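Could you put the whole structure together from the sequences, leaning on the hints where they help?
Sequence lines, in order, name chains B and H. Under our numbering, the first residue of the first sequence carries the number 1, and numbering increases by one thereafter. Under our numbering, the first residue of the second sequence carries the number 1, and numbering increases by one thereafter.
Everything labelled a hint here was simulated from the structure, so no lab data went into it. Mixed in with the good hints there might be a few duds.
The calculated label-pair distances, taken between Cβ atoms and stated as ranges, are [what the hints assert, rightly or not]:
hint, chain 1, residue 1, chain 2, residue 2, range
1, H, H226, B, F74, 21 to 31 Å
2, B, N122, H, H226, 38 to 48 Å
3, H, K308, B, P56, 40 to 50 Å
4, B, P56, H, T348, 49 to 59 Å
5, B, F74, H, D382, 39 to 49 Å
6, B, D174, H, E383, 56 to 66 Å
7, H, K308, B, S15, 58 to 68 Å
8, H, E327, B, N244, 49 to 59 Å
9, H, D382, B, K148, 53 to 63 Å
10, B, P156, H, H91, 29 to 39 Å
11, B, P16, H, H91, 27 to 37 Å
Since we're looking at a predicted model, the values are computed, not measured. Yeah, the Cβ is synthetic: ideal placement off N, Cα and C, and Gly gets one too.
As a plain string of letters, each chain reads:
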Amino acid sequence: MKILSIFPETEYLQSPHTACTGCGLSVAIRYFLKAIGEKIVFVMPPGCASVIVNIPKRAISYKGQPIGLLACPFGAAATFAAGFKTGLTMVGDLETVVVPWAGDGATFDIGFGAVSAAAERNEDFIYVCYDNEAYMNTGNQRSSATPKGATTYTNPFPVPKNEHKKDIMLILADHNIPYAATMTIAYPRDFMRKVQKAKGMKGFRFLHMFTPCPTGWRFPTEWTMKLSRLAVQTKVFPLFEVENGNRFILNKEPARIPLEEYLKVQGRFSHLNNQEIEEFKEKVEQRWEWLKWLGNYKNNRPEEHRGKYDGE
Amino acid sequence: MLKVITGNEAAAYGALLCRPKIVCAYPITPQSRIPELLSEFHAEGLLKGEFINVESEMSALSYVIGAAQAGARVFTATSSQGLAWMHEGLHWAVGARLPIVLVNVNRPLAPPWNLTCEHTDSLSQRDTGWLQFYCESNQEILDTVIQAYKIAESVTLPCMVCLDGVYLSYFAESVDIPDQSKVDEYLPPFETTLAYDNRFRMFRRTPAEPLDYEQYDYMTNRYQLHKLENTCIDTALHSNEEFKLHFGRGYDPVEEYKCEDAEVVVLMSGSAVGTCRYVIDMLRDDGYRVGLVKLKMFRPFPKELVRKALHGREKIAVIDRDLSPGEGGIIYQEVKGALNINTRNHTTPVYGFISGLGGADISVELIKKAILYMIKEDPPEDEVIWLGKIKNVRADQDENTINIS
Ligand code: SF4
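Quick look at the structure:
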């Protein structure tokens, strides 16, 4: 119950906004702003988020004042934000938190070079990637975050995506950035804690948010939270944190729930046969084992902290 | 202080004197010495701002766009392929109305690879809305960088200072580096009206937020931009007058050299203008009434000034160090456009020469040949006259091309 007190009452995301019904991303924006407060500037490349909060009018505000938001070119969120942050510092504003807020396309794909470079330079901001596993703003195209086996409008049936999802978390954690964490909206306490933890740090902080998209994944709108939780429980999207690239914290022990529960409700996976589901499962298990092994290995190196599960 | 420095170094000294808060540039031949020298200044503590190393030209521009958005005075530099990679950001800087100063060292675009000089890289960015200036000497480079801030900040538009790769970037000459105090007098600290205001958590002016459809639609933005571009020429003239008062030298957007009684004139830009001055002197000695018009400002195109300089001449030659393939010279087209608007039945022949592409030398002999050709031939045999050596041109391709080599 103590954690609940860090859950501020203020609403920053105002109605009307233009998210689809059941959009996981709109919930993420809402949680995020509650946790971080109003002294922030978003830097948004094209994507669902920039549309949700800005068209037809600014939907994020605090006491009638719009929350700061800068549009930027698609591939440039990380660099643009870095310049903005340095610019603010140079003109004497040390307070404002700069948050590049980009989708998986802008992070995993077109903006990847810039993200990696900003991580390497340890730029001082919280980089948020909201991952709906496709380019949803342009109408559901495959990205390198789309899981193998999913159909999109550029990978329609019978040619679903044939490549595995890029492991953005481990790639970025290997840049030895101060903080990287995965989170999803079905675990609000975990979500809040991670945002606030990131806020209390300096340097490049990377938050990987899993945001189910009923429109693109083709599932009933009331399933958003459920799918968000199932993704964690079935190990599709493990919740974990990495500090300085060498301290791993696995936050949730997965439940014994079959992967089919997660897959069956989504239109994008409806064509999968048993063998393909088995392959999917195998990949998910492999990654989970790898995360555990890696966590153990890194945490047990002599000078580092001992590995542990943070548990509930 | 007089110092023998290269064009790249002149650009770096110019930037240093303007006290940018953030310098971010990615090295590219033949521009590399600019970020190198600025990082040396930074290491020595001369450059008070931040010097940022990034991983690409697009990032260099994105970084300074972000910083300018926060209200800081910024500087970047690039060349050729790098400028082309910045293309998206170039448009962005204009739409967001950010007074960024960028030095471009002119170099051709590959293939074939070529590391020397040609103006097509920056001239082909003409429709982005950046102000563009072309320099003739290293002194002019240093002075133009300082002027560029003055102009960019008074009209809140980005400004590109262009200098010839190799011919200026690598060659050293004696340059007067003015005192910091003098520059400070001319260029006060940047007071932005576009910056982010922490008190209100919003931007004071909407152009910085192209996504804010409700308050600031695209067409309005472009309309204002267009109107504004037309006032930039006056701003440039005015800033130059002020510069003259402070430093005792200046550079007009369009400069006339021995034009008073000239019957035929040559119009050109960049380092070869110096060579052309020499040729004009030579031909004058031989009794020809020739003159030179130097085009320093290319965008916005100073139509009125060009018209005035070219008014009443018998013949006009434009020597382009650039090419719009299939069309001919870019400046040639601009000049023709400017003249045609003025007088619908304009009959003065304009000779379009293409020369010096990929760093080929625009020599004294070539310019002399071009002028004599113009005087002798009437009208020009073709829209595009190639000035220089063209190797291995097949005979059937050659029939419409006049080569003067
Ligand atoms: S397409 Fe998906 S992510 Fe985008 S607004 Fe709709 S539900 Fe949200």
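> Do the Cβ positions of B:P16 and H:H91 conform to the proposed distance bound of 27 to 37 Å?
Replying inline: holds (31 Å)
>> If I claimed the Cβ atoms of B:P156 and H:H91 lie 29 to 39 Å apart, would that claim hold in this structure?
In response: holds (33 Å)
> Has the hinted range 58 to 68 Å been met by the Cβ atoms of H:K308 and B:S15?
Replying inline: Holds, at about 60 Å.
> Does the Cβ pair H:H226, B:F74 satisfy 21 to 31 Å?
Replying inline: For B:F74 against H:H226, whose Cβ atoms are near 26 Å apart, the range 21 to 31 Å holds.
> Given a hinted range of 49 to 59 Å, is it respected by the beta-carbon distance of B:P56 and H:T348?
Replying inline: holds (54 Å)
>> A range of 49 to 59 Å was offered for this pair. Does it hold for the Cβ distance of H:E327 and B:N244?
In response: Once the Cβ atoms are compared, 57 Å apart, the range 49 to 59 Å for B:N244 and H:E327 holds.
> Could one say that the CB atoms of H:D382 and B:K148 fall in the range 53 to 63 Å?
Replying inline: holds (60 Å)
> So the hint says 39 to 49 Å: do the beta-carbon atoms of B:F74 and H:D382 match that?
Replying inline: holds (44 Å)
>> Given the hint of 38 to 48 Å, is the C-beta distance from B:N122 to H:H226 inside that range or not?
In response: The hint (38 to 48 Å, Cβ to Cβ) holds, given that B:N122 and H:H226 are roughly 42 Å apart.
> Is the gap between the beta carbons of B:D174 and H:E383 within 56 to 66 Å?
Replying inline: holds (58 Å)
> Could one say that the CB atoms of H:K308 and B:P56 fall in the range 40 to 50 Å?
Replying inline: Between H:K308 and B:P56, where Cβ atoms are some 49 Å apart, the hint holds.
Hint violations for this structure: none, all hints satisfied.
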